[in-house]
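Chemist: FYI, the numbering for the sequence shown is 1 to 630, going by full-length UniProt numbering.
Careful: at least some of the hints might be erroneous.
Claimed, not checked - Pairwise CB distance ranges (calculated):
id: 1; residue 1: Gln377; residue 2: Leu82; range: 28 to 36 Å
id: 2; residue 1: Pro471; residue 2: Met491; range: 22 to 30 Å
id: 3; residue 1: Thr544; residue 2: Glu348; range: 28 to 36 Å
id: 4; residue 1: Ala103; residue 2: Gln200; range: 28 to 36 Å
id: 5; residue 1: Leu438; residue 2: Glu617; range: 28 to 36 Å
id: 6; residue 1: Thr544; residue 2: Pro435; range: 45 to 53 Å
id: 7; residue 1: Thr620; residue 2: Gly436; range: 36 to 44 Å
These are computed hints drawn from the structure, not numbers from a lab.
No residue lacks a Cβ here, since even glycine has one placed at the ideal position from N, Cα and C.
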Amino acid sequence: MGYQEVYESWESDPEGFWMQQADAIDWDKKPSKALFEVGENLYEWFADGQTNTCWNAVDRHVEAGRGGQVAIIHDSPITGTLHKITYSELRNRVARLAGALRAKGVEKGDRVIIYMPMVPEALEAMLACSRLGAIHSVVFGGFAANELAVRIDDAKPKAIIAASCGLEPGRVVHYKPLLDGAIDLATHKPDFCVIFQREQEVAHLEEGRDYDWHGFQYGVEPADCVPVEGNHPAYILYTSGTTGAPKGVIRHTGGHLVALNWTMKNIYNVDPGDVFWAASDVGWVVGHSYICYAPLIHGNTTIVFEGKPVGTPDAGTFWRVISEHKVRTFFTAPTAFRAVKRDDPKGEFVGKYDISCLNAIYLAGERADPDTIEWAQQVTGKPIYDHWWQTETGWTIAGMPAGIEALPVKIGSPSVPMPGYDVQILDEAGHPMKPGELGAIAVKLPLPPGTLPTLWNAEDRFRKSYLSHFPGYYETGDAGMIDEDGYLYIMARTDDVINVAGHRLSTGGMEEVLASHPDVAECAVIGVTDQLKGQLPMGFVCLTTGVNRPHDEIVKECVKLVRDKIGPVAAFKLCAVVDRLPKTRSGKILRATMVKIADSEEFKMPATIDDPAILDEIKTALQGMGYAKG
Numbered sequence: 001m002g003y004q005e006v007y008e009s010w011e012s013d014p015e016g017f018w019m020q021q022a023d024a025i026d027w028d029k030k031p032s033k034a035l036f037e038v039g040e041n042l043y044e045w046f047a048d049g050q051t052n053t054c055w056n057a058v059d060r061h062v063e064a065g066r067g068g069q070v071a072i073i074h075d076s077p078i079t080g081t082l083h084k085i086t087y088s089e090l091r092n093r094v095a096r097l098a099g100a101l102r103a104k105g106v107e108k109g110d111r112v113i114i115y116m117p118m119v120p121e122a123l124e125a126m127l128a129c130s131r132l133g134a135i136h137s138v139v140f141g142g143f144a145a146n147e148l149a150v151r152i153d154d155a156k157p158k159a160i161i162a163a164s165c166g167l168e169p170g171r172v173v174h175y176k177p178l179l180d181g182a183i184d185l186a187t188h189k190p191d192f193c194v195i196f197q198r199e200q201e202v203a204h205l206e207e208g209r210d211y212d213w214h215g216f217q218y219g220v221e222p223a224d225c226v227p228v229e230g231n232h233p234a235y236i237l238y239t240s241g242t243t244g245a246p247k248g249v250i251r252h253t254g255g256h257l258v259a260l261n262w263t264m265k266n267i268y269n270v271d272p273g274d275v276f277w278a279a280s281d282v283g284w285v286v287g288h289s290y291i292c293y294a295p296l297i298h299g300n301t302t303i304v305f306e307g308k309p310v311g312t313p314d315a316g317t318f319w320r321v322i323s324e325h326k327v328r329t330f331f332t333a334p335t336a337f338r339a340v341k342r343d344d345p346k347g348e349f350v351g352k353y354d355i356s357c358l359n360a361i362y363l364a365g366e367r368a369d370p371d372t373i374e375w376a377q378q379v380t381g382k383p384i385y386d387h388w389w390q391t392e393t394g395w396t397i398a399g400m401p402a403g404i405e406a407l408p409v410k411i412g413s414p415s416v417p418m419p420g421y422d423v424q425i426l427d428e429a430g431h432p433m434k435p436g437e438l439g440a441i442a443v444k445l446p447l448p449p450g451t452l453p454t455l456w457n458a459e460d461r462f463r464k465s466y467l468s469h470f471p472g473y474y475e476t477g478d479a480g481m482i483d484e485d486g487y488l489y490i491m492a493r494t495d496d497v498i499n500v501a502g503h504r505l506s507t508g509g510m511e512e513v514l515a516s517h518p519d520v521a522e523c524a525v526i527g528v529t530d531q532l533k534g535q536l537p538m539g540f541v542c543l544t545t546g547v548n549r550p551h552d553e554i555v556k557e558c559v560k561l562v563r564d565k566i567g568p569v570a571a572f573k574l575c576a577v578v579d580r581l582p583k584t585r586s587g588k589i590l591r592a593t594m595v596k597i598a599d600s601e602e603f604k605m606p607a608t609i610d611d612p613a614i615l616d617e618i619k620t621a622l623q624g625m626g627y628a629k630g
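Based on the provided sequences and hints, a complete structural model is requested.
Modeler: Here it is, written out as structure tokens:
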């Protein structure tokens with residue numbers, strides 16, 4: 001069947017379609033049906049089935065006689081090490097770690113926070129939790145202490161598994177002081193912490209609370225897989241970058257297994273045994289879905305890469321890894337290719353490696369600009385497929401169904417909706433729009449398996465954030481259009497979230513931090529276009545009356561404040577002191593207009609502006625930071 005036939009087979013019998021896909025998963029107790037409605041517009045998939053994620057990702061491959069296949073390749077150009085772990089070795093390592101956690105009281109339903117760099121032990125920690133039915137929450141390694149503390153208080157973990165440090169080119173990121181600081185700040189205290197000591201930094205362990213990774217596991221009985229219900233949470237993943245109440249996306253076990261397994265062949269076009277590489281981090285959703293779970297569930301070899309697209313050691317590192325490990329499908333973010341392109345505009349490094357093993361490259365995490373796609377096509381000679389999804393969905397909303405049918409690529413579009421997603425373009429009143437018309441992108445409920453059923457301890461917030469604006473639909477927060485051929489185009493965010501190198505960050509969260517500076521009376525943060533990272537945050541601060549300190553001093557303090565509170569991931573470096581902010585008469589800051597001026601785009605003077613002269617002041621400030629050149 002081609003794409004259209006597969007999509008229509010889902011449309012005509014959604015439950016039958018997903019029940020058929022569920023046959024590819026091992027169940028301790030098969031679900032009686034696919035979809036369960038558990039409240040108004042609230043749904044769960046395979047809820048009365050019983051299964052275990054770790055069994056499906058590890059043990060079943062060993063039981064099927066494929067234990068000798070490599071499960072994980074750890075390639076770290078930063079440390080200069082290469083390490084391969086077979087499925088049999090992975091099962092033994094995970095079972096032992098799970099046994100040690102169980103011996104310390106971790107049981108089904110308990111939460112465990114994981115705060116680790118790109119090492120195989122991060123995946124082992126995730127799998128050990130799923131083996132016991134514990135709910136893990138991975139927090140990006142190096143996240144600021146107060147951000148980690150907020151997540152500790154929301155998830156209330158019984159244990160935290162962390163590493164002593166992370167490694168960046170030329171520097172060591174000290175994880176343990178950040179962890180200690182977070183525990184001090186948090187109201188909730190974990191029962192214990194397990195610390196994976198790296199040779200680059202051996203951290204001090206708190207007696208009675210902290211355990212060394214290796215000593216912790218010594219002499220314990222390995223744990224078997226604990227069957228859990230289909231609607232049991234596999235993990236909580238907090239959407240990154242906000243300083244307000246955390247938004248914990250939940251992933252239910254049954255739907256997660258079924259959907260991710262389906263994607264590996266149908267979207268990414270890999271067969272069991274093939275090497276699949278997602279160049280991301282375990283702290284983000286891509287790392288959960290496509291470094292850890294999907295490749296292992298499907299029986300692929302996954303790569304855990306500790307390095308950067310450039311500088312470890314050069315712009316050829318991607319091509320070396322692909323060539324050396326015979327990668328069939330590669331997944332990265334457009335920002336990574338922009339960095340490679342900046343260092344190697346002619347793609348000369350590609351010619352140094354044999355990448356004939358590679359079938360296709362997939363891009364996601366932010367809008368893939370045509371320049372980047374065309375450059376990648378030209379230098380690699382491979383198909384480049386943009387695809388679009390979110391932390392909330394866990395897998396592709398719209399993409400190229402390469403394992404079903406390679407449709408024509410339309411540059412600027414992530415292609416077509418996947419089975420399970422009835423994507424609609426709606427106007428403000430919730431009415432469907434015509435092909436080519438720009439509107440809000442929404443997905444008709446129910447969402448497919450593997451997507452978020454709700455938020456952790458926050459059903460009201462879930463409804464308000466995603467369901468209330470367009471009743472009967474999931475609101476994606478993106479704006480776009482669908483063309484005559486059914487191809488989707490993502491044009492912009494519809495809220496105040498900006499996309500910095502693939503990481504969705506809230507400008508409102510940054511404004512909250514800036515406003516806490518004692519000299520700042522008012523502020524605004526906008527996202528400006530950046531060739532490398534896609535967008536960068538830019539701050540404008542108005543000072544409290546009577547403050548007469550040097551402006552550059554205050555700007556430095558503001559930059560440091562955001563870095564300390566949100567972390568380096570925010571990439572907050574651009575900030576200016578201004579007398580006033582442009583506003584409507586009702587007091588709303590005209591952020592969209594400021595963005596247009598910064599990006600040197602034409603704009604229409606807002607009819608409701610309070611004082612048009614303020615825009616000239618803003619333009620002067622922008623020019624001082626190297627923007628608004630037009």
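Chemist: Against each hint, give a clear statement of whether it holds in the structure.
Modeler: Hint check:
| no. | hint | result |
| --- | --- | --- |
| 1 | Gln377 to Leu82: 28 to 36 Å | holds, 30 Å |
| 2 | Pro471 to Met491: 22 to 30 Å | holds, 24 Å |
| 3 | Thr544 to Glu348: 28 to 36 Å | violated, 53 Å |
| 4 | Ala103 to Gln200: 28 to 36 Å | holds, 29 Å |
| 5 | Leu438 to Glu617: 28 to 36 Å | holds, 31 Å |
| 6 | Thr544 to Pro435: 45 to 53 Å | holds, 52 Å |
| 7 | Thr620 to Gly436: 36 to 44 Å | holds, 38 Å |
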